[in-house]
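K.L.:
Sequence:
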Amino acid sequence: MKYILYILILTFSATTIAQEKGARDLKVGLVLSGGGAKGLAHIGALKEIEKAGVRIDYIGGTSMGAIIGGLYAAGYKADQLDSIFNVLDFETLIRDEVPRKAKTFYEKEDGQRYAVTLPFDDFKVGFPSGISKGQNVYNLLSRLLAHVQNIEDFNKLPIPFFCVATNIENGQEVILNKGYLPRAISASGALPSLFSPVTINDTIYVDGGVTNNYPINQVKAMGADIIIGVDVQDELRDRAQLGSAVEVLVQINNYRTIEAMRGKQEKTNIYINPEIDEFNVVSFSEGRKIIQSGQNAAQKLENELQEVASRQIKVASEKVTFNNNQSLYIKNVVIRGNDNYSRSYILGKLKLKAPSQISYQALSEGINNLSATGNFDGIDYRLIEDSDNDAEYSLIFDVIESNSRLLLRLGAHYDDLFRTGALINLTAKRLLTNNDVASFDFIAGDNIRYNFDYYIDKGYYWSVGLSSRFNFFDQDVATTFVAPEIGQGMDPTVNKIELEYTDLTNQLFAQTVFARTFLLRLGAQHKWLKYLSETIGIDEDNEPRTLFEDSHYYSAFGMLKYDSFDNVYFPKSGIFFEGNFQYHLFAQGQNEDFEPFSIATAKAGYAHSFSEQLTAIVSTEGGVKIDDGNTTSFDFFLGGYGYKSLHNVIPFYGFDALSLRGDTYLKSSLTLDWEFARKNHLNFSTNIANVDDNLFGTGEWIREIDYHGYAIGYGLETLLGPVSLKYSFSPESDSDAWYVTIGFWF
139 MKYILYILIL TFSATTIAQE KGARDLKVGL VLSGGGAKGL AHIGALKEIE
189 KAGVRIDYIG GTSMGAIIGG LYAAGYKADQ LDSIFNVLDF ETLIRDEVPR
239 KAKTFYEKED GQRYAVTLPF DDFKVGFPSG ISKGQNVYNL LSRLLAHVQN
289 IEDFNKLPIP FFCVATNIEN GQEVILNKGY LPRAISASGA LPSLFSPVTI
339 NDTIYVDGGV TNNYPINQVK AMGADIIIGV DVQDELRDRA QLGSAVEVLV
389 QINNYRTIEA MRGKQEKTNI YINPEIDEFN VVSFSEGRKI IQSGQNAAQK
439 LENELQEVAS RQIKVASEKV TFNNNQSLYI KNVVIRGNDN YSRSYILGKL
489 KLKAPSQISY QALSEGINNL SATGNFDGID YRLIEDSDND AEYSLIFDVI
539 ESNSRLLLRL GAHYDDLFRT GALINLTAKR LLTNNDVASF DFIAGDNIRY
589 NFDYYIDKGY YWSVGLSSRF NFFDQDVATT FVAPEIGQGM DPTVNKIELE
639 YTDLTNQLFA QTVFARTFLL RLGAQHKWLK YLSETIGIDE DNEPRTLFED
689 SHYYSAFGML KYDSFDNVYF PKSGIFFEGN FQYHLFAQGQ NEDFEPFSIA
739 TAKAGYAHSF SEQLTAIVST EGGVKIDDGN TTSFDFFLGG YGYKSLHNVI
789 PFYGFDALSL RGDTYLKSSL TLDWEFARKN HLNFSTNIAN VDDNLFGTGE
839 WIREIDYHGY AIGYGLETLL GPVSLKYSFS PESDSDAWYV TIGFWF
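Its first residue numbered 139, the sequence shown is counted upward by one per residue in the working numbering.
Calculated directly from the structure, the hints in this document are not laboratory data.
Glycine included, each C-beta is placed from N, C-alpha and C at the ideal position.
Hints are not guaranteed to be accurate.
[Stated by the list, open to error] The list that follows gives simulated cross-link-like pairs (lysine to aspartate or glutamate, DMTMM-like), each with its CA atoms no further than 20 Å apart:
#, residue 1, residue 2
1, Lys634, Glu672
2, Lys294, Glu445
3, Lys405, Glu456
4, Lys668, Glu687
[To be verified] Derived CB-CB ranges, DEER-like:
#, residue 1, residue 2, range
5, Leu564, Asn355, 27 to 33 Å
6, Thr571, Asn633, 52 to 58 Å
7, Ala815, Gly249, 22 to 28 Å
8, Ala742, Ala566, 34 to 40 Å
9, Arg474, Leu854, 41 to 47 Å
10, Asn288, Ser542, 32 to 38 Å
11, Asn288, Asp340, 19 to 25 Å
12, Arg426, Gly361, 33 to 39 Å
13, Asn288, Lys215, 44 to 50 Å
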């Protein structure tokens with residue numbers, strides 16, 4: 139009987155303890171609202187929640203709350219999130235800017251001419267569905283969540299999770315708790331007007347805040363006993379605070395979210411509402427302050443948080459192993475959804491060959507480059523581990539091709555050679571065949587010009603293209619400048635004449651990219667050159683002008699190019715090289731004494747930053763005409779700054795354009811650029827050159843330097859392109875010179 143009593147007492151005690159233990163173990167749900175940049179306050183609140191010892195059992199989030207909540211559910215701690223978000227360049231992240239050095243050669247040239255690009259299908263101007271496609275955000279989430287990429291059911295994450303998105307076609311709220319986590323989070327955060335909608339399984343989603351910005355009921359339904367909510371939603375703002383289109387659209391959405399919030403605060407057991415009224419949805423530059431605001435708000439509820447923690451069973455958290463590799467081995471690439479753009483085209487834009495080892499950064503840049511073509515409305519990709527070797531991956535792409543095939547693009551420019559120019563461009567894609575693009579620039583202003591390009595892009599394979607360039611300008615030059623054409627019999631009372639320059643160049647070429655970085659182009663060229671002056675002479679038609687050149691030249695050419703400059707106008711890093719060789723075979727027109735000749739040119743540049751503000755750019759270049767003394771119109775003309783270089787018109791500080799001339803030139807330059815404020819530059823430049831006929835034959839190229847030039851200037855990076863003002867002088871010239879340039883060069 140005594141033993142039976144002991145057993146009953148022990149059983150009763152164990153049962154009582156178990157009941158008490160079950161009563162004490164609270165399941166805690168975390169609700170994280172949307173709020174754009176203000177959602178960074180979630181990180182600060184999570185720091186205090188962790189500090190109090192609260193175990194989070196369920197998470198539901200919307201928009202920025204989905205991003206922070208999804209990462210936390212995947213195993214990241216608050217301090218890790220703090221470190222991640224404090225080093226991000228949010229402007230680059232949101233704008234989907236592709237580093238220039240990561241672009242293909244076509245995208246590099248195409249992306250540095252136009253200030254505005256708009257859809258123009260059916261010759262009707264359209265507008266993009268968002269400022270950004272969100273590709274950078276998706277790439278970042280894919281990288282950070284690589285360790286849970288195989289988890290399709292979000293309830294199986296270290297912390298069960300869901301996020302809210304909105305079906306844009308019917309306006310209904312959708313709970314995303316299955317699928318590919320980075321894509322689901324991206325859909326929840328697709329803020330209208332800022333990000334383009336996200337497509338998942340043929341359904342188009344936008345920001346979940348449109349329908350449910352504080353999903354408390356859904357978190358309670360997961361089994362939560364206690365709800366901790368972090369609310370970073372906007373209050374209504376007055377007219378003085380509505381300074382941008384984004385803020386106006388957010389205000390319109392706030393009418394509904396504020397009404398939908400009624401009653402939800404009362405259902406929240408611990409309601410954390412950071413004081414962040416001074417910030418808005420795009421205040422990412424104030425991230426440090428916003429995170430601190432979240433921490434401050436949660437600190438005020440420290441006792442309540444500790445009380446919740448005291449009623450939970452202390453369980454050792456599951457250890458999460460993150461993927462910290464900087465590169466990965468891609469065994470093969472699968473591309474689905476590409477009906478019009480070939481596999482080779484897509485891989486060429488990605489700069490990806492399989493099998494190969496590639497860094498995560500290079501993969502991200504390649505995906506952004508593919509997105510930047512504008513040919514795809516959606517690029518969904520996943521990395522799938524090989525079942526036999528977890529160090530190897532298959533890369534699966536699901537692309538949605540854009541139906542837009544016609545673009546309208548605009549630009550404006552001023553320089554001291556071509557002077558004013560307004561550019562209107564039409565770009566047609568898939569005009570004659572898949573993978574092709576046709577582009578026509580018409581430039582009106584002080585001088586009429588045009589550029590036409592047709593290109594069939596085969597990626598890493600040999601591609602073919604056709605280009606045509608027409609350039610015209612008139613420039614006052616010294617009479618000695620045209621001495622090779624008219625001899626020395628110039629009227630000594632005439633110091634300068636007005637020279638009209640016409641250059642029409644047509645090329646048919648094939649090109650390929652090798653070693654992912656070098657461009658090789660081979661082709662045939664036709665060039666029409668015409669120089670004349672109406673200042674002097676009478677021609678055969680009794681017109682007051684002298685015609686110096688009017689001939690058509692036909693040649694074969696080759697070009698090798700490497701370009702890793704991060705910015706074509708204000709580079710901070712990278713190397714540039716371009717070598718050209720032309721063999722002119724025959725001519726028609728005024729040049730009746732033509733004999734075949736060759737021209738070889740090369741240019742190399744290097745940019746290095748000593749700090750975030752100070753950069754040095756060094757370059758050297760040269761050109762030589764070989765085997766002919768009869769064709770003087772292909773001499774090199776040096777002088778001026780700020781214009782798009784032509785085949786033989788070369789910028790040189792300290793002189794006006796077309797001031798120096800010779801059939802051979804050598805030039806070196808050094809520029810020190812100080813970015814004293816963001817996108818504001820002060821720079822000092824010096825260049826030296828030897829320019830003359832037969833420099834290598836006479837040995838004059840190495841004996842002494844004939845020409846020096848110096849310049850000091852101010853530059854500003856704008857949406858319309860660079861703006862520069864430079865003062866220059868040269869010891870060898872009679873006067874100084876000012877250079878003014880505005881807008882992208884074309």
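K.L.:
Could you check the hint for me, namely that Asn288 and Asp340 are 19 to 25 Å apart, CB to CB?
P.N.:
holds, 23 Å
K.L.:
How does the Cβ-Cβ distance of Ala742 and Ala566 compare with 34 to 40 Å: does it lie in that range?
P.N.:
holds, 36 Å
K.L.:
Given the hint that Lys294 pairs with Glu445, test it: the Cα-Cα distance must not exceed 20 Å.
P.N.:
violated, 28 Å
K.L.:
Kindly confirm whether 41 to 47 Å is satisfied by the beta carbon distance between Arg474 and Leu854.
P.N.:
holds, 45 Å
K.L.:
Verify the CB-CB distance for Thr571 and Asn633 against the hinted window 52 to 58 Å.
P.N.:
Holds - the Cβ-Cβ distance for Thr571 and Asn633, about 56 Å, lies within 52 to 58 Å.
K.L.:
Between the beta carbons of Ala815 and Gly249, is the distance compatible with 22 to 28 Å?
P.N.:
24 Å Cβ-Cβ, so the 22 to 28 Å window holds.
K.L.:
Range first: 27 to 33 Å. Now tell me if the beta carbons of Leu564 and Asn355 are that far apart.
P.N.:
violated, 52 Å
K.L.:
Would the hint linking Lys634 and Glu672 be met if the CA-CA limit is 20 Å?
P.N.:
Roughly 12 Å separates the two Cα atoms, so the pair holds.
K.L.:
Range hint 32 to 38 Å: satisfied by the CB atoms of Asn288 and Ser542?
P.N.:
Holds, at about 35 Å.
K.L.:
Is the straight-line distance between the alpha-carbon of Lys405 and that of Glu456 20 Å or less?
P.N.:
violated, 30 Å
K.L.:
Lys668 and Glu687: Cα distance at most 20 Å?
P.N.:
holds, 5 Å
K.L.:
Is it true that the C-beta distance of Asn288 to Lys215 lies inside 44 to 50 Å, as the hint says?
P.N.:
violated, 22 Å
Going through the hint list in order, the structure does not satisfy hints 2, 3, 5, 13.
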